[in-house]
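Visitor: Sequence:
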Amino acid sequence: MSKIKIILPVLLIALGGVYKFVLARPAPVPKPHIAGEVYVLPKDFLINLKGGRFAKLSVALVLKEGFVAAAPAHGEAAAAPPTGYGVLAQEAVVRSIITDGLTDVSAARLQREASRVRLQKAILKTITKETDVKVDDVLFTDVAIQ
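Counting from 1, one number per residue, gives the positions in the sequence shown under full-length UniProt numbering.
Note that these hints are calculated values from the structure, not bench results. Computed from a prediction, not measured in an experiment: that's the story for all the values here. Heads up, some of the hints might be wrong.
Derived BS3-like pairs (lysine-lysine); straight-line CA-CA distance at most 27 Å [what the hints assert, rightly or not]:
id, residue 1, residue 2
1, K56, K134
2, K50, K121
3, K3, K56
4, K31, K20
5, K121, K134
6, K56, K5
7, K3, K64
8, K121, K43
9, K64, K121
10, K125, K56
11, K5, K20
12, K64, K129
13, K43, K125
14, K3, K31
15, K134, K31
16, K125, K64
17, K43, K56
18, K64, K43
19, K43, K134
20, K31, K121
21, K31, K125
22, K129, K43
23, K3, K50
24, K56, K31
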């Protein structure tokens, strides 16, 4: 009788372990809200707006899933990017597109969310059309207007 009192709990624990680690299906992994890499352009933008005003802002790109900002190194140390630039291929072209897309817009367009979203979508469309950078979204962060 005393052997059964010892064997039964050990057997139940062993069966529970077998179920937990062998038979049970793993919990589903939740899909991430943002599937791609978020690349923050390392240098702030200083943009001339209409009416003699200007805006200072940071910009981030949500890259498509599987697209990475850094070019793969082929056995050699990669050359360092110019000062103020990051590792994104064609970053100078992307910066130029963003600058051109924001220059001479009114301050009100950058202040209103709906207008800002339209500007972001227009810039996204131009980046997709004119570069090889695979972008899902353009984000304006830290926007300051004077």
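Visitor: Now tell me, hint by hint, if it's right for this structure.
Guide: To see whether the hints hold, each was checked on the structure:
1. K56 - K134: 25 Å, holds
2. K50 - K121: 20 Å, holds
3. K3 - K56: Violated, because 77 Å separates the two Cα atoms, which is more than 27 Å.
4. K31 - K20: Given that 27 Å is the threshold and the Cα spacing comes to 23 Å, the pair holds.
5. K121 - K134: 14 Å, holds
6. K56 - K5: 74 Å, violated
7. K3 - K64: 62 Å, violated
8. K121 - K43: 21 Å, holds
9. K64 - K121: Given that 27 Å is the threshold and the Cα spacing comes to 15 Å, the pair holds.
10. K125 - K56: 22 Å, holds
11. K5 - K20: 23 Å, holds
12. K64 - K129: 15 Å, holds
13. K43 - K125: 22 Å, holds
14. K3 - K31: Given pair K3, K31 is violated - Cα atoms ~49 Å apart, limit 27 Å.
15. K134 - K31: 20 Å, holds
16. K125 - K64: 14 Å, holds
17. K43 - K56: 11 Å, holds
18. K64 - K43: Holds, because 22 Å separates the two Cα atoms, which is no more than 27 Å.
19. K43 - K134: 20 Å, holds
20. K31 - K121: With Cα atoms ~24 Å apart, K31 and K121 stay inside 27 Å; holds.
21. K31 - K125: Holds: K31 and K125 sit about 26 Å apart, inside 27 Å.
22. K129 - K43: 23 Å, holds
23. K3 - K50: 88 Å, violated
24. K56 - K31: 34 Å, violated
Consistency note: the structure conflicts with the earlier hints numbered 3, 6, 7, 14, 23 and 24.
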